[in-house]
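Q: The chain contents come next:
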Amino acid sequence: MNLIKLFILMVPFYLFLTGCYDKTELEYQAYVVALGVDKGEGDNTFKFTYQIANPETGTAIGGGSSNEPASEIITVEGNDFLTATTTANASVSKKMTLDHTKVLVVSEEVARSDNFLGLMQTASRTTQIRRQVQIIVSKENARDFIKDNKPQLETRPHKYYQLMLERSTETGIVPESDIHRFFQLTEGDADLFLAMYTTATVEKTKNNGTEDEYKAGEIPKKGGNPAEFMGSAVFKEGKMIDVLDGQNTRLALIMDNTLEIDDLLSTYQDPVKEDYKIAGDFSKKSPTKVKIDYRKDVKTTIDVTVPFSFEVLAIPSLVPYSQDEKLREKLKASIEKSLEKKANKLIEKAQKEYGSDPFYWSLYIRNEFASIPDYEKADWNKKIWPNAEVNVDFQMSRLEFGKMVNDSQLNEVRD
Amino acid sequence: MLRFLKNNLKNSSKEDNEKYPSIAKNLDKNVKQLNKMFSSDKNSDFASREFVAQYSNNKINIFYYSTIVNGDKLYTGIIQPLLENVGETLKNVVTLEAIEELSTYEDVIEHINSGYVIIFEDTLDKAFAIDVAQFQHRGIEKSQNESVIKGPKEAFTEALGVNVSLLRKRFHDKQLINESLKVGERSKLEVNLLYVEDLVNNDVLKDVKKRINDIKSDNVRNVEMLEQFLEERPYSIVPSILYTERPDKAATYIEDGYIVILMDNSSACLIVPINFWAFFQSPEDRYLRFLYGNFTRLIRFIAFFITVFISAIYIGVTNYHSEMIPPDLLLAITAARERVPFPLVFEVLLMEIAFELIREAGIRIPNPLGPTIGIVGALILGQAAVDANIISPIVVIIVALSGLTSFAVSDVSMNYSVRLSKYIFITASAWFGMFSLTGAFIVWISYLSSLKSFGVPFFSPVTPTYKSPGNNLFRKALKNEIWRPGNIKPKDIKKKQTE
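Heads up: the sequence lines are chains A and B, in that order.
If you read the first sequence in full-length UniProt numbering, its first letter stands for residue 1, the second for the next number, and so on.
If you read the second sequence in full-length UniProt numbering, its first letter stands for residue 1, the second for the next number, and so on.
Heads up, a few of these hints could be off.
Stated by the list, open to error - Pair by pair, the computed Cβ-Cβ distance ranges are: (1) B:L298 <-> A:E154: 52 to 58 Å; (2) B:F435 <-> A:M404: 55 to 61 Å; (3) A:T87 <-> B:P343: 24 to 30 Å; (4) B:K467 <-> A:C20: 44 to 50 Å; (5) A:T87 <-> B:N389: 49 to 55 Å; (6) B:N480 <-> A:L153: 52 to 58 Å; (7) B:L298 <-> A:L313: 50 to 56 Å.
As the list claims (entries may be wrong) - One side only, chain A facing chain B, incomplete, derived with CB under 8 Å: (8) D22; (9) E27; (10) H158; (11) K159.
Unchecked claim - When the alpha-carbon atoms are kept at most 20 Å apart in a straight line, the in silico EDC-like pairs for lysine to aspartate or glutamate are as follows: (12) B:K126 <-> B:E158; (13) A:K326 <-> A:D407; (14) A:K337 <-> A:E311; (15) A:K285 <-> A:D263; (16) A:K159 <-> B:D328; (17) B:K91 <-> B:E141; (18) A:K345 <-> A:D303; (19) B:K29 <-> B:E146; (20) B:K491 <-> B:D198; (21) B:K216 <-> B:E232; (22) B:K32 <-> B:D122; (23) A:K94 <-> B:E141; (24) A:K94 <-> B:E323; (25) A:K95 <-> B:E84; (26) A:K23 <-> B:D122; (27) B:K126 <-> B:E232; (28) B:K59 <-> B:E101; (29) A:K47 <-> A:D22; (30) A:K95 <-> B:D198; (31) A:K94 <-> B:D328; (32) B:K73 <-> B:E84; (33) A:K150 <-> B:D328; (34) B:K169 <-> B:E141; (35) A:K277 <-> A:E211; (36) A:K159 <-> B:E323; (37) A:K39 <-> A:E154; (38) A:K23 <-> B:E101; (39) B:K491 <-> B:E255; (40) A:K95 <-> B:D28.
I should point out that these hints are in silico values taken from the structure, not numbers from a laboratory.
Just so it is clear, CB atoms sit at the ideal spot from N, CA and C, and this is done for glycine as well.
Assemble the whole structure, with the sequences as input and the hints as a guide.
A: Put into structure tokens, the structure is as follows:
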């Protein structure tokens, strides 16, 4: 009896034998904030760039020395994200952890290669890389992007990425493109995955664009950080095929119910004085309605209704839209039409050129099928989507004119 | 050998009890016996006086301890009437309120010790005892350890009669019984049980009485010690009896069918049976309006959680789950720790123990030296230790937080169990992180829910669920308190008479 009691009492002590497994003090780890992937020297190898945050930068406590740089950037050749960290440890003094990685920067070259999907498999397998890590496609080499990306105000890189990604996805000029969505769309074998498109080297600028008709690297700007987030890289079946500009990215996001845009300020042509533009805040309060009429062997029709409200922010032409019912109607019709025109153009491009849609619309046809094999047999990408008849209808439910209804009377101001 | 000693002891104590003869009719014999028993030649405050009673012309001898009786009362109530008044019997002559007749020396001894005057009269084989006790005690003061802003300020004091009076003042009911028991083998002290006859659960009452009668200790001086004799699990980490110095709190419990235990030498009472929730409640929660009272309750439970878990979670998260920390905080902690030479666990323990030291020293330090604690504690341990890179500033925040919040658990016993539990959890999370912390918590909570206080489950009436006033984690509006706590099974469960 006593022996049994003693034995039971001893059981908790077995735990001591294994104690503290996996324990790491915080200061023994190097936190990789950004991870870059470039093509390597070999056929199937890559160059991995790790941007390691320096904890002592920008903190008052502990009195870190202010001369140290905010981050350390190191590039090594390797097979995958994780094993390459070992190589990097040849010169990094701490254990490299990818737990806090914010972005995965992929050079356009790698993204367009067949190897990309294979590389990404590591990300789905390890627990270290979070599914929320955003995939960013850089026009140049990922190493150059990470190196040249020198924000002036947010010196600490993790903060920069956190804020930058948050704001740019809010405005919709780049899509949210986390690894989770990448796998979701790629393995769904339908629809296009949009990844953020970025660059830190400005080659030629485009001078006739409106606020969002740019791709990264085309924006005419002076000063600031060379890195630009604009537009999206289009991935089909795990491989990059094209680049959309900011405006088309925004359109795709408006019509996609799985992603959100909070802040969509843009300009539209003034329907009365055509030299001018009207600025407004587009907001989508309720989800886009997608109705798919699918019948086997008959052309599928897809009816898309986008309800939105519009708040006019600026009328530089000083046309009194707010006063006149007819002008208001005209404005409304013109904005709806212009959006529909742009959307139709994008859809046409997606049907003819891409052979898939960037709106994640295959979601709405899945309930037509009894089983996954049935759905896969129907083949959204090859059969249904390219031949479908898509009707887009933008419906403005409300038109607002801000807090001031009247504009200044030009002739009274300048008398 | 041991058995021999034991038997010997048993025998000697038996003899002790039985050696007194019965009270004799001859006064001189009695006087001699009494003087011998109380060693009157050495005992300087043992007084006796002999005189002839007017009413019977018999010799009379009175005995008492001069230090514990009221001299005026003794003179005007006993001596003067006996010397001057005429009457049939002694009871008619003495003007004081109650006279007891005693027939054995055991009773005589006990009464003298309790401040009675014992009167022996020649030709009578019995003694008379009259209560003229005047034990010295403090007046009624403000509650020191359970202070409230809104609510009565009176606290119990070290006098049984005063304490009972404070309770009777708050609860006018003919059913409020003040039952008296004796405790202690050598020094017999009075223990009073206060309860409402038609509410209290008889099983619990019987249990309490049995436990008090079973105490075989020579001397139980006060309720603080009585508490430990009554407890079912003296080694347990949590208390099972509520201790309070507030009569209003005690009255609230009496009203609900609980039993309040009072003793002469304590400025507090014990309340049984009790549950987990009661240790976090202050009477002020119910004096404040519904919303305000519940707000304080919420704050107190948050404080409880922080006290128990903050250090453990900090250790667990930083050592094992750094991915859980937001990057800004992570880098800040890392930067702060870069120059600290110790492992994080050690760092936290160092500060926790330092805080316990400050607290202990703060209680024991003589009042004039009090301010030193603040200077030493705040400056040296806080500021200087950080500047010297011995600990990181974040640990100071964590430990200060856990120390500060521990004061919100105001019950002395629960406060200790919370602080001890904290160390259990710190050890656990230093071991395997959140995984073992969760494990330790499960074991801890299972242990707590397995406990019973006088047969009442510790987490009742929440789990297991009973009808109750709903006064546990939060409280209901007073007019919605319809039931008495069902977990103690009172005789009348309905508190509010509804139509």
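Q: All the hints need checking, so say for each whether the structure fits it.
A: Now the hints, each set against the structure:
One distance hint, 52 to 58 Å for the beta-carbon pair L298 (chain B) and E154 (chain A), is violated here, with the actual separation near 38 Å. The hinted range of 55 to 61 Å is satisfied by F435 (chain B) and M404 (chain A), whose Cβ atoms lie roughly 60 Å apart. In this structure the hint that T87 (chain A) and P343 (chain B) lie 24 to 30 Å apart at CB holds, the actual value being about 29 Å. Separated by about 48 Å at the C-beta atoms, K467 (chain B) and C20 (chain A) satisfy the suggested range of 44 to 50 Å.
Under the hint 49 to 55 Å, the C-beta atoms of T87 (chain A) and N389 (chain B), about 33 Å apart, miss the expected range. At about 56 Å, the CB distance of N480 (chain B) to L153 (chain A) agrees with the hint of 52 to 58 Å. Taking 50 to 56 Å as the suggested C-beta distance range, the pair L298 (chain B) and L313 (chain A) does not conform, at roughly 44 Å. With its C-beta approaching chain B no nearer than about 6 Å, D22 (chain A) sits inside the 8 Å limit, and its interface hint holds.
Here the hint on E27 (chain A) is kept, as its CB sits about 5 Å from the closest CB of chain B, short of 8 Å. At about 4 Å, the closest approach between the beta carbon of H158 (chain A) and any beta carbon in chain B falls short of 8 Å, and the interface hint on this residue holds. Because the beta carbon of K159 (chain A) sits about 7 Å from the nearest beta carbon in chain B, less than 8 Å, this interface hint is met. Our distance criterion of 20 Å between C-alpha atoms is broken by K126 (chain B) and E158 (chain B), whose separation comes to about 33 Å.
Restraint check for K326 (chain A) and D407 (chain A): the C-alpha separation of about 18 Å stays at or below 20 Å, so the hint holds. Distance hint between K337 (chain A) and E311 (chain A) is fulfilled; the C-alpha atoms sit about 17 Å from each other, no more than 20 Å. With a CA separation close to 12 Å, the supplied pair K285 (chain A) and D263 (chain A) stays within the 20 Å bound. Restraint check for K159 (chain A) and D328 (chain B): the C-alpha separation of about 8 Å stays at or below 20 Å, so the hint holds.
Between K91 (chain B) and E141 (chain B), the direct Cα distance comes to roughly 38 Å. Violation of the 20 Å bound is thereby established for this hinted pair. For the hint pairing K345 (chain A) with D303 (chain A), the CA-to-CA distance comes to about 16 Å; that is within 20 Å, so the pair holds. Only pairs whose Cα atoms come within 20 Å are accepted, and K29 (chain B) paired with E146 (chain B) is rejected, the gap being roughly 54 Å. A C-alpha spacing of about 6 Å is found between K491 (chain B) and D198 (chain B), which places the hinted pair at or below 20 Å, so the restraint holds.
Proposed proximity of K216 (chain B) and E232 (chain B) is supported: the alpha carbons are some 16 Å apart, at most 20 Å. Only pairs whose Cα atoms come within 20 Å are accepted, and K32 (chain B) paired with D122 (chain B) is accepted, the gap being roughly 13 Å. The hinted pair formed by K94 (chain A) and E141 (chain B) fails the criterion: a straight-line CA distance of about 63 Å is larger than 20 Å. At most 20 Å may separate the alpha-carbon atoms for a hinted pair to count; K94 (chain A) and E323 (chain B) meet this at roughly 16 Å.
For the given pair, K95 (chain A) sits about 102 Å from E84 (chain B) by alpha-carbon distance, which is inconsistent with the 20 Å threshold. Taking the CA atoms of K23 (chain A) and D122 (chain B), the gap is about 88 Å. The hint is violated against a cut of 20 Å. Taking the CA atoms of K126 (chain B) and E232 (chain B), the gap is about 42 Å. The hint is violated against a cut of 20 Å. Pair hint K59 (chain B) plus E101 (chain B) holds up; C-alpha atoms about 18 Å apart against a cutoff of 20 Å.
Between K47 (chain A) and D22 (chain A) the CA atoms are separated by roughly 29 Å; this puts the pair beyond 20 Å, and the hint is violated. Restraint check for K95 (chain A) and D198 (chain B): not satisfied, since their Cα atoms lie roughly 71 Å apart, outside the 20 Å limit. The hinted pair formed by K94 (chain A) and D328 (chain B) meets the criterion: a straight-line CA distance of about 19 Å does not exceed 20 Å. At roughly 16 Å between alpha-carbon atoms, K73 (chain B) and E84 (chain B) fall within 20 Å of each other, so this suggested pair holds.
Distance hint between K150 (chain A) and D328 (chain B) is fulfilled; the C-alpha atoms sit about 19 Å from each other, no more than 20 Å. With a C-alpha separation of about 16 Å, the suggested pairing of K169 (chain B) with E141 (chain B) holds against the 20 Å cut-off. With a C-alpha separation of about 11 Å, the suggested pair K277 (chain A) and E211 (chain A) falls inside the 20 Å cut-off, and the hint holds. Note on K159 (chain A) and E323 (chain B): the hinted pairing holds, with a Cα-Cα distance of about 16 Å set against a maximum of 20 Å.
In summary, the hint linking K39 (chain A) to E154 (chain A) is not supported, as the alpha carbons are separated by about 29 Å, beyond the 20 Å threshold. Restraint check: the Cα-Cα separation between K23 (chain A) and E101 (chain B) comes to about 77 Å, which exceeds 20 Å; the hinted pair is violated. About 12 Å separates the Cα atoms of K491 (chain B) and E255 (chain B), which keeps this hinted pair within 20 Å; it holds. Between K95 (chain A) and D28 (chain B) the CA atoms are separated by roughly 97 Å; this puts the pair beyond 20 Å, and the hint is violated.
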